[in-house]
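**Student:** Next come the chains, spelled out residue by residue.
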Amino acid sequence: MDKSKLISKLEAGFPGAVLQVQRFGKTETQCLWIEGKRIREVARGLKEDFGFNILENLSVMQIDDALVLTYFLRTSDPETGNYGECLIVRLSAHLKKPNHALEVASIVDFWATALPFEMEAGELFGIHFVLEGGTKRIVTGLRLPVGWRGYPLRKNYVFPESFSGVRHERAWIEKAGGKK
Amino acid sequence: MNAFLWVSSWLEGFGLEQVESIWILAPLGLIFIFLFIIVPSSMIVAYLDRKVTADFQARVGPNRAGPAGVFQSWADFFKLLQKDRNSEVSWSEELWLAIHTMALYSTVAVLPLGSLMLLVDTDMSVFLPFWAALVVALGTMLLGLSQKTVAGWYGGIRVATQAISGAFPALVAMICVGLRAGSFRWSGLVAIQGAAPLSWTAFSNPFQFIALIVFLVSGLVLLAIPPMDAALSSPDVSGGVAAHLSGRRLVLFKMGRFYSFYLWAVIASVLFLGGWKLPFEISENLLEQGKIQLLHFLELCCLMTKSLILILLVIWGARVNPRTRVDQITDFAWTVLSPFALFALIGASLVAGWGVLS
Amino acid sequence: MSSREILKTELAKLALGPFDSALPGPLRLQMELDGEVIVSAKVETGFIHRGLEKAFERQRWIASISYADRLDPDGPIFGELALCLAVEEIAQLTVPPRAEQVRVLLSELGRISCHMEYLVRVARAVGSDTMIHYVLRDREKILDLFELTTGARYSINFLRFGGIQADITEGFIERILELSELFRIRVKEYNDLFTYNHAFIQRTQGVGTLSSKRVRELGVTGPNARAAGFSADIRKIHPYSGYDKIDFEVPVADLRGLRSGDANDRFLLRLREIAVSTEILRQVAENISDGAFCSRKQGQEIKVPAGEAYVRVESARGLLGCHVAADGGPMPARIQFRTPSHAHLAAIPELLSGTRLEDLPVVLSSLGLGVAEADR
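Protein chains in written order, with the working numbering: chain G, 1 to 180; chain P, 1 to 358; chain S, 1 to 376.
Among these hints, one or two may not hold up.
Unchecked claim - 20 Å max Cα-Cα, derived SDA-like pairs, lysine to any residue:
(1) G:Lys155 - S:Ala55
(2) P:Lys148 - S:Ala55
(3) S:Lys141 - S:Phe172
(4) S:Lys54 - G:Gly141
(5) P:Lys148 - S:Phe172
(6) G:Lys175 - S:Ala55
(7) G:Lys155 - S:Asp327
(8) P:Lys148 - S:Lys141
(9) S:Lys213 - G:Asn53
As the list claims (entries may be wrong) - Footprint (simulated), chain S over chain P, 3 or more residues, beta carbon under 8 Å:
(10) 144 to 155
(11) 225 to 236
(12) 307 to 321
FYI, nobody ran anything at the bench for these hints, they're computed from the structure.
For every residue, glycine included, the Cβ atom is placed at its ideal position computed from N, Cα and C.
Kindly generate the complete structure, drawing on both the sequences and the hints.
**Tutor:** In structure tokens:
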């Protein structure tokens, strides 16, 4: 489908949600920046009206002091399973308190494949994904041992000096001024 | 009591006075058979199993202990005997293991190893191993249940279901043979067979051949011998009952497994494949000349050769094929083996009755 | 109506793992069993979480290749390839044709090696020892080839940004051609040994069925999806590294609504994939071009400008995606891998509920899980 038509339909359907349109990488895939609070409506629209029924990847990264969530969406042919269009949707959530968890709406209702990504990113980046009814999903013990403090994948993360009686050598090296 | 004559004659050969008490001769006989026939056979079969399997799998097999690895079984045996127990004594486990062992080795008394080496030669001789196999299955099941682990529970129940499903066709096949021979004594069963293959029970009429096949397969099912060993080697419960045995108890259990395999092969050879019958009237000549020990030895060799060939055939089938699931085995035993066994029984009785009537 | 209503019984609880011979990797299964049938299963992973994604950010760009090839220890080439393609996209590096072809050769060798490991796992689950040794003996030849060219059997660490680390050794191409001849015979042997073996068919047919509907919903990709009838293969949809110039057919299960995606189908599909990979090896080896093996000098520090890229690679297990973000510095800003094993892990609870306990190893091994790549 023609991307500009898609964009214009989206902007018509969800006024104000689409903040910016960009090109992503060499393949020049369409990439939309949307407003964080409107992700659920946009997700529903993209899935039901535009047929993006596969969420291929949900990648989270930190740029300066904001967490950027990138959703890679595909359409697929129901008979052969072949992939069709690709669309990248991004939202950015500002980290007001650098060591506290962030809240972002969850999209597992639309794409069940989002669950493992949300759980992993939730634990490692400190994102509490909010489900439909308002319940927050707080993940512990998935990748990190139970009782681990901090969100390792954030840029300001400092390794603890010891955990459960085991010394963390890198933290000691850094403290002594050695190589980071 | 020709059974004890040979024991006392062996003992006299050592310069002891003539010993007549059955209470001494019987245990000596059992120990003799166990130590000098069963244990060496297990060594040889274990070695051949490993070498032949390795050959199938494009590997070398044991080749370090002794020339071409022939002492590997001895090395394993002595190593395992030295292993200490690593957990507390569990009296229920010990009890069931003892019962399992006793049931199994009680069959040594009825093992048909030669025309003169029959310790107990009565009409119930053929059935004792069969009941012993069922008691062994019961013992293994209770051993598993007493281990209080999931592996033990599942392993134990699976062994019991498999044994029950394999028991019925095996029993019916054994009855077919007895019908033809007219008695269930070992001497009677072998007497009607000759040395030549065509005079064996298996090839005397098609129903007996079906009975042979049924007996062979249902014996594997009854005793949980590979390839029908799903109850004892399934990876999902780490091997079932044997998962929590170690050291000397594991050796006892494994010897028991080997012995039941061996027992099955020996009984199949005696029932269906001519037993210890020697060709060219050797047995009559040797009896006349009084060379009894040589006769024993030759008959034993004949029987052992046939059993060994059967064992190797089964090992071959086991290594090449995947393992079927326990419920598939029991389905197979109930829905395929049992009807064939009954069909063979009806046919065999018709043939036997025809012979009597005409 | 279950037997619980007639005879008062309880469900047994069984926890398998994290280390168990029935499992494909460190994961814990908490199961409830009703007799021999599994009623429910819960999967716990994270036992082999190595913090790869954080490690990327703490080392320089050139070291990230070593980490990427440890993403999935059974198929190291795929992680490296995904990373290299992504960084080459950001830094606008071209890869010389010879290097592209060698990358394809190594990828297909890696794919065959990974599928052979899969065959071994299924054979172990089903209880056939002979197949294990035959397959491993042949896999040694592939590992020998890896060692010949890259110096290592498993973690090859051979790709570099812009090409490969060194030119291929003399004799590599000849041995690849010999190998493709050999594998054509071997695949036929494995077929004869297993495909028509009644016991094997009984153990795997109807076990662990993933319908095409569930495949779509769970996001299962790769050979598991193709065994359920979905023909998506990244080598055809988004060709990379010269795959569009190679003539090959992607094997897809032809189901016609009869069965869908049981363990037997997945096994057979991987046998066919080995055959297809052998064909690709032959084609590329016969037409290998001369020239440079890397567009950058070795040992040179790479300057990656600010930018982002997301590439997809068809790994032996499925769709492997790599999202790389660079901020112009000496270390990556973020490298995220989208691994196919997540979807397979998500399929386990529903595949296991209702199956017999004895089929558990068969179901798990037939999925071809890579626990290390799921945990990263």
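**Student:** Work down the list of hints and note, for each, if the structure agrees.
**Tutor:** Do the hints match the structure? See the list:
The suggested pairing of lysine 155 of chain G with alanine 55 of chain S holds, with an alpha-carbon distance near 12 Å, which does not exceed 20 Å. With a C-alpha separation of about 45 Å, the suggested pairing of lysine 148 of chain P with alanine 55 of chain S is violated against the 20 Å cut-off. Pair hint lysine 141 of chain S plus phenylalanine 172 of chain S holds up; C-alpha atoms about 12 Å apart against a cutoff of 20 Å. For the given pair, lysine 54 of chain S sits about 18 Å from glycine 141 of chain G by alpha-carbon distance, which is consistent with the 20 Å threshold.
Between the alpha carbons of lysine 148 of chain P and phenylalanine 172 of chain S the distance comes to roughly 57 Å, so the proposed pair goes past 20 Å and is violated. About 18 Å separates the Cα atoms of lysine 175 of chain G and alanine 55 of chain S, which keeps this hinted pair within 20 Å; it holds. At most 20 Å may separate the alpha-carbon atoms for a hinted pair to count; lysine 155 of chain G and aspartate 327 of chain S meet this at roughly 13 Å. Only pairs whose Cα atoms come within 20 Å are accepted, and lysine 148 of chain P paired with lysine 141 of chain S is rejected, the gap being roughly 46 Å.
The suggested pairing of lysine 213 of chain S with asparagine 53 of chain G holds, with an alpha-carbon distance near 13 Å, which does not exceed 20 Å. Here's how the stretch 144 to 155 of chain P fares: 3 of its residues keep a CB closer than 8 Å to some CB of chain S, so the rule of at least three is met and the hint holds. Three residues within the 8 Å Cβ limit are the bar, and the stretch 225 to 236 of chain P against chain S gives 6, so the coverage statement holds. Counting residues of the stretch 307 to 321 of chain P whose CB lies closer than 8 Å to any CB of chain S gives 3, which reaches the minimum of 3, so the coverage claim holds.
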